[in-house]
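Letter by letter, the chains look like this.
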Amino acid sequence: MDSYALLIAATLNAGTVLAIASLGLLINEKVGIVNLGAEGMMLCAALAGFAAVVHTGSTVVGFAAGMAAGALMAAIFGVLVIWLNTNQYATGLALSLFGGGFSAFAGTGYVQARLPEQTAWAIPLLGDIPLLGPALFRHHPMVYVAMALTVGLIWFLYRTRTGLVLRSVGESPESAHALGYPVRRIRLAAVVAGGALCGLAGAYISTVYTPLWVEGMVAGKGWIALALTTFATWRPARVLLGAYLFGGVTMLQFHLQGAGVNVPSQFLTMLPYVATIVVLALISRNPTWIRVNMPSSIGKPFYPGS
Amino acid sequence: MTDHQKRSLLKVAALSALASATLIGCGKKEEPAPAPAPAPVAAPEPAKPEPLKVAFAYVGPVGDGGWTFAHDNGRKAVEKEFGDKVVTSFVENVPESADAERVIRDMAAQGNKVVFGTTFGYMESMLKVAADTPDVKFEHATGYKTAPNMRTYDSRTYEGAYMAGVIAGAMTKSNTLGVVGSIPIPEVIRNINSFTLGAQSVNPKIKTKVVWVGEWFNPPKETEAATSLINGGADILFQNTDSSAVLQTAGKLGKRAFGWDSDMSAYEPKAHLASSVINWGPYYVKAVGDALNGTWSTGGVWWGVKEGAIDIVSIAEDVPADIKTKIDTIKAGLKDGSFAIWKGPIKGQDGKDVLAKDVVADDAFMGGIKFYVKGVEGKVPGG
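Those protein sequence lines, which keep their order, are chains A and B.
The opening position of the first sequence corresponds to residue 0 in numbering that gives the first Met the number 0, with each subsequent residue numbered one higher.
The opening position of the second sequence corresponds to residue 0 in numbering that gives the first Met the number 0, with each subsequent residue numbered one higher.
Source of the hints: derived by calculation from the structure; they are not laboratory data.
Hints may contain errors.
To be verified - Pairwise CB distance ranges, derived in the manner of DEER restraints:
#1 Lys144(B) - Asn292(A): 53 to 59 Å
#2 Thr107(A) - Asp131(B): 31 to 37 Å
#3 Lys305(B) - Leu125(A): 40 to 46 Å
#4 Leu125(A) - Gly307(B): 30 to 36 Å
#5 Val359(B) - Ala258(A): 31 to 37 Å
#6 Ala105(A) - Lys144(B): 37 to 43 Å
Claimed, not checked - Going by beta-carbon spacing under 7 Å, a handful of chain B positions derived as facing chain A:
#7 Gly62
#8 Ser227
#9 Ser243
Quick caveat, the model's predicted, so the values are computed rather than measured.
All C-beta atoms, glycine included, are put in the ideal place defined by N, C-alpha and C.
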């Protein structure tokens, strides 16, 4: 039984990075902006966060540095696609490639660096419950932050006026503009917020999840986070669920291998991706799901004059 | 939803795929294209001694702290040994694809006379270029195909794995060891077996759990695999992947692990038990020396502790003194040939002898190991 508790724990941990980054991208897409630069932003943020922890010893400063790096890159992206109306997909790809190359270049001095010792952390009392304690209550605080973020985002998007304005910008920027909302500034704010969350996810990878810096260490998690937003049909709760599902399948295949289950490991390695495709296919069979939730202006530039 | 929107969705998907494909190839640092290559002009030997140009193609970044880092140390050893008699250069992150041929062809065209390819996947690319440029010497790591101007070299990494196993067997409390495997080829399976044999030589109760990640370098995945091994009861980990992620995960979870390919003690001193390192230096110095002296000839070598290519370093202080002595004895035995790791009786998982008593495995046997020895759990993927 204990090993199942640990499997659940590992699943939550593995899903956290994806959830945080994907929620950030969801905010972007809710205002109609697709930022394919997630991988690059996460890499730069991973380096910024790692470097900050190396110099200050504080994980909190590391997270802040990661968020700042992510937000800065997102802001550049935002100005390009929102004001200069460059193609979102091409600009996002450029950001991704730039981020990968730049972080590798700037990070050469940190490759052998070491982070200060991390202290284990658990919720008092709850962490001591047998089974449930190790499964649910002994995680890094960021695991709970991801959950809280999901709830907060649902409330913000669907229960507040600002959230409504945000969504209306994504549904019909022309109408929002006609009503007098500053569409471009709202879009930029959302893009920067999304970048900050991607940055937080990147910093979490390099300072907590895999506490080291090597170039390319995000290893595709940014792209998976992008796919997750579509996978979840732009609903925050489904993003969280999808992230745990993906994390869970990944951990399960390692768990089965370790337990000596006689399934080819190549097949197991493939499983999370197959699961993603299957779920995507199932979702697209139900057009209303997509129609109701997909922001109408996604990927399209907005010209206030026209 | 309009067609238009559906199309943009498709576009996102297509572009993501394109981007990941591009990304794989993007880290490469190309040397600036040279002015029209002076190479074709026949350079007769008696002219004043031009420095010998030597190029290295690396599969990963020099900063990986493991496999490629070790190769680059070998390159530095060549520079140190020969000084201004050689000029070395390298290209990092050369993918094991058609790109490799282009990069290697470039190296030959730029006047390099010795080209080192440091991963198995360059084999076919190097063979093709070797056939077209007979005056260039090609050195291919871990391959098995040769040509008149192309030879192979490899290191007996399993000797380091065995010595790491001896330490693991002495230090484990749960009698369960965990290995994060990369890709199930004979070399890696041999290392897992040798690690287990080493551990069993001091502790017969040892069991080894194996988890394959299917890649050489993917730190988050290596972390996840290591976590699941520790969850499954392993208290000492070993890896055949290229980053230090497994060692650091073990450190985070209060377990112990080893460094692989390069000395990784600096990454996680508390968890680090020892590092099994490859010194490519001695071979690289010999190979470049052969080319300089005109004594180069084709063939293949497999160097180990005996030639100074494999070593186990930075053994943790809390490893018992008798184990450290045992390691020294093994090294001495490997050097003078009095000790062989793969010497019968060695039993497979089914308890039957794979090597009968007193039979010493030859290199052909070693190159074809596709089974686990007794004590390793699970099945070899595809085996």
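Results for each hint:
1. Under the hint 53 to 59 Å, the C-beta atoms of Lys144(B) and Asn292(A), about 55 Å apart, fit the expected range.
2. Distance hint check for Thr107(A) and Asp131(B): the Cβ-Cβ separation is about 35 Å, which falls inside the suggested range of 31 to 37 Å.
3. In this structure the hint that Lys305(B) and Leu125(A) lie 40 to 46 Å apart at CB is violated, the actual value being about 57 Å.
4. The beta-carbon spacing between Leu125(A) and Gly307(B), approximately 55 Å, falls outside the hinted interval of 30 to 36 Å.
5. Here the CB-CB span from Val359(B) to Ala258(A) is close to 35 Å, well matched to the stated 31 to 37 Å.
6. Range check, Ala105(A) to Lys144(B): about 40 Å between beta-carbon atoms, so the 37 to 43 Å window is met.
7. The interface hint given for Gly62(B) holds, since its Cβ lies 4 Å from the closest Cβ of chain A, which is under the 7 Å cut-off.
8. Using the Cβ-Cβ criterion of 7 Å, the hint placing Ser227(B) at the interface with chain A is satisfied: the shortest such distance is roughly 4 Å.
9. The beta carbon of Ser243(B) is positioned within 7 Å of a beta carbon in chain A (closest approach about 6 Å), and the interface hint is therefore held.
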